[in-house]
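Peer 1: Protein chains in written order, with our numbering: chain A, 1 to 113; chain B, 1001 to 1116.
Hints are computed from structural coordinates only; laboratory data are not their basis. Since the model is a prediction, treat every value here as computed from it, not as a measurement. Treat the hints with caution; some may be incorrect.
What the hints assert, rightly or not - Quick list of in silico lysine to aspartate or glutamate cross-link-like pairs, EDC-like style, CA-CA up to 16 Å: (1) A:K14 - A:E87; (2) B:K1108 - B:E1088; (3) B:K1061 - B:E1088; (4) A:K41 - B:E1088; (5) A:K41 - B:D1008; (6) A:K41 - A:D27.
Unchecked claim - Examples of chain B residues lying across from chain A (beta carbon under 10 Å, computed): (7) Q1038; (8) G1043; (9) L1046; (10) F1051; (11) T1105; (12) I1114.
We put the CB at the ideal spot given by N, CA and C, even for glycine.
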Amino acid sequence: GAVVSQHPSWVICKSGTSVKIECRSLDFQATTMFWYRQFPKQSLMLMATSNEGSKATYEQGVEKDKFLINHASLTLSTLTVTSAHPEDSSFYICSVAHLNEQFFGPGTRLTVL
Amino acid sequence: AQSVTQPDIHITVSEGASLELRCNYSYGATPYLFWYVQSPGQGLQLLLKYFSGDTLVQGIKGFEAEFKRSQSSFNLRKPSVHWSDAAEYFCAVGESSGGGADGLTFGKGTHLIIQP
């Protein structure tokens, strides 16, 4: 299967700052990547679909100006949480679509103080 | 809109005993169904998937699942659990095979605890 990495694995930031999370496809070129958010003890919620070279498609209720997604290359998608607030604290997980499956990264734990 | 229900938040099973995790879905067309396992510090790992054909699908680590259209269910089973099976299990449904442009809709997960 495909190998997906995320960086950082965890981050703590102050309220009002911006945080960038990277998702990398290590062994193949990913046209489509997905970003999910997981609250403690809860399910994964799809935030957006990231397509290389085009604008991301956001799910209903997800603020595109708050969660900036850039998929500038076939191996890298980034999620930037702008002006983060405590309610943005969560576990962010990316996945890549490959061979009729989705392969998930290990996730990034964001804590906003 | 599609949805997935996992009725059991926690399940405790003795090591060596059989296991069944329940999953019900709501989707208007033929669903594409998945079971994933999430262990602490690790990404979600695909256990098995159903797209079409034989309704009993075999997966990794000795897991299997049965698709029952009449019951809108896709329950995960294992005949004998091991302590290493303790983890969070998620059922998910997709509008496509997942390799396309659609994200997945996940259930809330079932936390599996293994008793020695």
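Peer 1: Run every hint past the structure and note whether it holds.
Peer 2: Status of each hint after checking the structure:
Among the hinted pairs, K14 of chain A with E87 of chain A is consistent with the structure: their alpha-carbon atoms are about 12 Å apart, no more than 16 Å. This hinted pair checks out: K1108 of chain B and E1088 of chain B have alpha carbons roughly 10 Å apart, not beyond 16 Å. Between K1061 of chain B and E1088 of chain B, the direct Cα distance comes to roughly 15 Å. Compliance with the 16 Å bound is thereby established for this hinted pair. Restraint check: the Cα-Cα separation between K41 of chain A and E1088 of chain B comes to about 9 Å, which is no more than 16 Å; the hinted pair holds.
Proximity of K41 of chain A to D1008 of chain B is assessed by CA-CA distance (about 13 Å); at most 16 Å being required, the pair is judged to hold. Taking the CA atoms of K41 of chain A and D27 of chain A, the gap is near 31 Å; set against the 16 Å cutoff, the hint is violated. At about 8 Å, the closest approach between the beta carbon of Q1038 of chain B and any beta carbon in chain A falls short of 10 Å, and the interface hint on this residue holds. A least Cβ separation of about 4 Å between G1043 of chain B and chain A falls short of the 10 Å threshold, and the interface hint therefore holds.
Taking 10 Å as the C-beta cut-off, the interface hint given for L1046 of chain B holds, the closest approach to chain A being about 6 Å. Look at F1051 of chain B: its Cβ gets to within about 8 Å of chain A, closer than 10 Å, so that hint holds up. With 10 Å as the threshold, the beta carbon of T1105 of chain B comes within range of chain A, its nearest partner Cβ sitting at about 7 Å, so the hint holds. Hint status for I1114 of chain B: violated, given a least beta-carbon distance of 19 Å to chain A, over 10 Å.
In summary, the structure is inconsistent with hints 6 and 12 from the numbered list given earlier, while agreeing with the others.
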